[in-house]
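Student: Below, each chain spelled out in residue letters.
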Amino acid sequence: MITAEATTSRKPSVAANATLPVRAVNLGKSLDERPILQGITFDIAQGEFVALLGANGAGKSTLLKTLSTLITPSSGTLELFGHSPRHHAAKIRARLGLIGHQLMLYGDLTAHENLVFFGRLFGVKNPAERARSLLVTLGLEKRADDAVKTFSRGMAQRVSIARALMPDPELLLADEPFAGLDAPSTDMLERVLAELHAAGKTIILANHDIRQSLRLAGRAIVLRKGRKVIDDAASTLDVETVLHQMSGGA
Amino acid sequence: MTGTLSQIFTLTAKDLRIEGRTRQSLALVLVLGVLVISVLGLGLGSQPAIATMGTPAILWVAYLFSGVLCFEKTMAIERHDGALAGLLLAPIDRGVIFASKLISNLILMLGVATVITFVGILFFNFDLSPAPGGFVLIIVISMIGFAAVGTLFAAMVSSTRLQGGMLAMVLFPIILPLVIASTQQMTAMFRDGVAPGGAGLAILGAFDAVFVVVSWLVFELVLEP
Amino acid sequence: MKSRALWTIYWLVVAATFAGAIVLVFNYTPNESTMGLIQKVFYFHLPIAICTFLCCFCNFVGSIGYLINRKRKWDDFAAAGAAVSVLLCTGVLLTGMLWARGAWGVWWTWSPRLTFSFMLWLLYVVYVLVRASIESSQKRAIVGAVYGLVAFLDVPLVYLSARLLPDIHPASIGLAPSMKLTLGLCFIPIVLATIGLVYANFRVNVARRQLAEANEQLNLQTETAAGGAL
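Chains A, B and C, in that order, are what the protein sequence lines are.
The letter at position 204 of the first sequence is residue 204 when you use our numbering, and the numbering goes up by one with no holes.
The letter at position 41 of the second sequence is residue 1041 when you use our numbering, and the numbering goes up by one with no holes.
The letter at position 129 of the third sequence is residue 2129 when you use our numbering, and the numbering goes up by one with no holes.
There could be a bad hint or two in this list.
Quick list of in silico lysine to aspartate or glutamate cross-link-like pairs, EDC-like style, CA-CA up to 20 Å [unchecked claim]:
id, chain 1, residue 1, chain 2, residue 2
1, B, LYS1073, A, ASP182
2, C, LYS2139, C, GLU2216
3, A, LYS65, B, ASP1208
4, A, LYS149, B, ASP1081
5, C, LYS2071, A, ASP32
6, C, LYS2139, B, ASP1015
7, A, LYS91, B, ASP1093
8, C, LYS2073, A, ASP43
9, A, LYS65, B, GLU1072
10, C, LYS2071, B, GLU1072
11, C, LYS2071, B, GLU1224
12, A, LYS149, A, ASP182
13, C, LYS2139, C, GLU2223
14, A, LYS65, A, ASP43
15, C, LYS2139, A, ASP32
16, C, LYS2071, A, ASP238
17, A, LYS91, B, GLU1220
18, C, LYS2071, B, ASP1015
19, C, LYS2073, C, ASP2167
20, A, LYS65, B, ASP1081
21, C, LYS2139, B, GLU1224
22, A, LYS149, B, ASP1015
23, C, LYS2073, A, ASP32
24, A, LYS65, B, ASP1015
25, A, LYS65, A, ASP108
26, C, LYS2139, A, GLU33
Derived by calculation from the structure, the hints in this document are not laboratory data.
Keep in mind the model is a prediction, meaning the values are calculated, not measured.
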């Protein structure tokens, strides 16, 4: 049978309600009459590392874009850090970062210029210094003054990660950031995510690699056709179960 | 307020820096403008008197086509690699994005218009001396309105992935009042020796006022990551 | 069934009043001295022009409505207004050109009135064409709304700038009482036809959209069912 509900649900802790990074209730999104997300409900607490899994077209990208405030939901309510994106978008945006398929960078500017530019927009103090230190952390200091369009995919993605991290966001949303990355960049990204997690940041990672996701994350949410079908601790899940649920389970 | 102004400055500086780096877009836009003038010049070559009196209109045709290309290109920079999404994720007002794009487009178009105008004056023996200040005034005012609607529509068209040519199609009918009013003012200044003013100038001013404000208000609705 | 009967009656009334108007125009009103028969075009030209403007206003209302609350019905209404305004504006242009032929011997001149009609026609033809080129219905709606808003705000400026053009003939037309009466009565069939066309167009747009929505739901159910069977 088709499961429309989550097999188990995490209950939000009452005391932390007001400052939950993410609270979604019955979130829905339709595009051109076609429902992409339906009835998505979950809470994400500070410091959680959540993997978002699902087949192509399941709605992972749309959900992340909605959480990042790039897209407004068609129905349901969304609260980020206790605020509604409709009314307090600026406050919310200063506290989150998004990495996606696209780099969200200007190819003609250098890595350093890109970071300083976005840093300024996010109100970062001393953006030039912060940019330098991030580039060093990500192993890009030698190419800091080269145009991003000359970078390989892996290096450009690292600059994109640095862009997202410039304002030191409390919530990091990553939409399949490992896609098309070489092995050294993949390792580096895994390390970065682990460090952020250890530092108490909240991370939501949409990913195709189920094994990798269950290894990195503490909790997994699986989507199928825009609905949530699994919402459980990663330790209780295995690849077969997830695959099963992703494709339709019986 | 200063925060908003500095954000606009950051964004505009970024646009102009990228333009300065690549210079490829600017060259294409300039060449298109000069080509349009050349085609018209060659076509009208056997009728020099008509060409001279028709110079403002000829210049407008060149401004329009190069303007459309310019607005398309400044918007394309944002679409490439999804940089626009990066802007939309920042805690800045969408109106700030509009203001900065408008200013960038205006600066670029005024530069392009200057070159095109010099070429036009040369090819058609147009004498600017009766009213050089008036000419500049009319062109600048017209460019503001043109850039305002152009910026809005360029964002709109680029988010729909329509083919090229669409921007020209949506833009030209809207800016016809600018063309009519400014060529009327030019005729008044250069043929009749009258200073700029009256209904024509009022129309240009009204166009600018209405469409800068409306485009600014509506801009965020056409921005799609 | 009842609505079909109502529609038939409605259009019969329109046809009847139109026939009546034609009778009035050709039999009741005198022929104007300088222009002769072609002057009679004016009795239709003015009502059609007014109705064109009303349709443009409908498009404006629909565009603003959609921008404010994003309900698709506003977009359906805006599209209907624009479509009918293009139709009517074509009529304005044709009758205007007939008039120009009769009054000044040319089919076209850049007089304020003709130029204004033409620019208005361009504005809304572009609206219809651009909408038709966009596949995504959501993008179609927002592009339509933004363009519709800008276009309508442009209309007064288009009108004023057209007035800057040299006018061949002064605008005033002296009308005998019988002519004024006929003119007033000619409004009836044209206004009725306009309202009918806009409403019919609106209903078609709504129905088409609802069909698309139903199709998507069906698609989704079919896909989900197929997935479960695995």
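Student: For C:LYS2071 and A:ASP32, compute the direct alpha-carbon distance and say whether it is at most 20 Å.
Tutor: Between C:LYS2071 and A:ASP32 the Cα gap is close to 12 Å, so the pair holds against 20 Å.
Student: Given the hinted pair C:LYS2071 and A:ASP238, is their Cα-Cα distance within 20 Å?
Tutor: violated, 44 Å
Student: Is the straight-line distance between the alpha-carbon of C:LYS2139 and that of A:GLU33 20 Å or less?
Tutor: At roughly 12 Å apart (the allowed maximum being 20 Å), A:GLU33 and C:LYS2139 satisfy the hint.
Student: Is the Cα-Cα distance between A:LYS65 and A:ASP43 20 Å or less?
Tutor: Distance ~17 Å between A:LYS65 and A:ASP43 Cα, so the pair holds.
Student: Could you grab the alpha-carbon distance between A:LYS65 and B:ASP1015 and see if it respects the 20 Å cut-off?
Tutor: violated, 25 Å
Student: Holds or violated: C:LYS2139 with C:GLU2216, Cα cutoff 20 Å?
Tutor: holds, 17 Å
Student: Is A:LYS65 close enough to A:ASP108, meaning Cα to Cα at most 20 Å?
Tutor: violated, 25 Å
Student: Decide if the proposed pair is consistent with the structure: C:LYS2139 and B:GLU1224, CA atoms, cutoff 20 Å inclusive.
Tutor: Satisfied, since the Cα-Cα distance of roughly 10 Å is no more than 20 Å.
Student: Check the hint pairing A:LYS65 with B:ASP1081 against an upper bound of 20 Å on the C-alpha distance.
Tutor: At roughly 16 Å apart (the allowed maximum being 20 Å), B:ASP1081 and A:LYS65 satisfy the hint.
Student: Is the hinted pair C:LYS2071 and B:GLU1072 satisfied, with a Cα-Cα distance of at most 20 Å?
Tutor: This hinted pair is violated, its Cα atoms lying about 30 Å apart.
Student: Can the restraint linking A:LYS91 and B:ASP1093 be considered satisfied, given a maximum Cα separation of 20 Å?
Tutor: holds, 11 Å
Student: Holds or violated: C:LYS2073 with A:ASP32, Cα cutoff 20 Å?
Tutor: holds, 14 Å
The structure fails to meet hints 1, 3, 6, 8, 9, 10, 13, 16, 18, 19, 24, 25 from the earlier list, while all remaining hints are met.
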